[in-house]
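J.: Start from the sequences and build out the full structure, keeping to the hints where you can.
Residue 4 in the UniProt record's numbering sits at position 4 of the sequence shown, with consecutive numbering throughout.
Rather than coming from a laboratory, the hints here were simulated on the basis of the structure. A portion of the hints provided could be inaccurate.
In the DSSO-like style, the derived pairs of lysine-lysine whose C-alpha atoms are separated by at most 30 Å in a straight line are [unchecked claim]:
| id | residue 1 | residue 2 |
| --- | --- | --- |
| 1 | Lys-24 | Lys-5 |
| 2 | Lys-61 | Lys-5 |
| 3 | Lys-24 | Lys-62 |
| 4 | Lys-41 | Lys-64 |
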Amino acid sequence: MIKDKLINHVESYGFDLVEYAIQKAAYCNSPSFRLVEYLLKEWNSNNLCDLEAVEHYENNKKAKSKRNVISIHSREKTPKWLLNEKDFDAATIDDIDENFEEDRAKFLREMKEYWGD
1 MIKDKLINHV
11 ESYGFDLVEY
21 AIQKAAYCNS
31 PSFRLVEYLL
41 KEWNSNNLCD
51 LEAVEHYENN
61 KKAKSKRNVI
71 SIHSREKTPK
81 WLLNEKDFDA
91 ATIDDIDENF
101 EEDRAKFLRE
111 MKEYWGD
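T.: See the structure below:
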């Protein structure tokens, strides 16, 4: 059955196009005779009759698909507080540390009162 179809395709499209379609199908992930037939029909519907025209068409199709690929690169945003790190001075850091110790002591007192320790 496939042999008869192959003979018909060679008579319709020519040996060069059928051979090229088989080569292209062989390099696909799942080569099949259906793919060969699909390629031949696609080329025929685009009025491509010789191997040179088909190769040109396939190269253009490949280049076009490469242009349509959008690469997505994620970029991390640096927080504003980190960008403004140079704006801090030693006095500000001391104030923050002082407040931290007061808050810590208050929290520990509240915990002791609550738990009775």
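J.: Does Lys-5 lie within 30 Å of Lys-61 when you go C-alpha to C-alpha?
T.: 27 Å, holds
J.: Holds or violated: Lys-41 and Lys-64, Cα atoms, limit 30 Å.
T.: 20 Å, holds
J.: Would the pair Lys-24 and Lys-62 pass a check requiring their Cα atoms to be no farther apart than 30 Å?
T.: 13 Å, holds
J.: Check the hint pairing Lys-24 with Lys-5 against an upper bound of 30 Å on the C-alpha distance.
T.: 18 Å, holds
Violation of the numbered hints given earlier is absent; every hint is satisfied by the structure.
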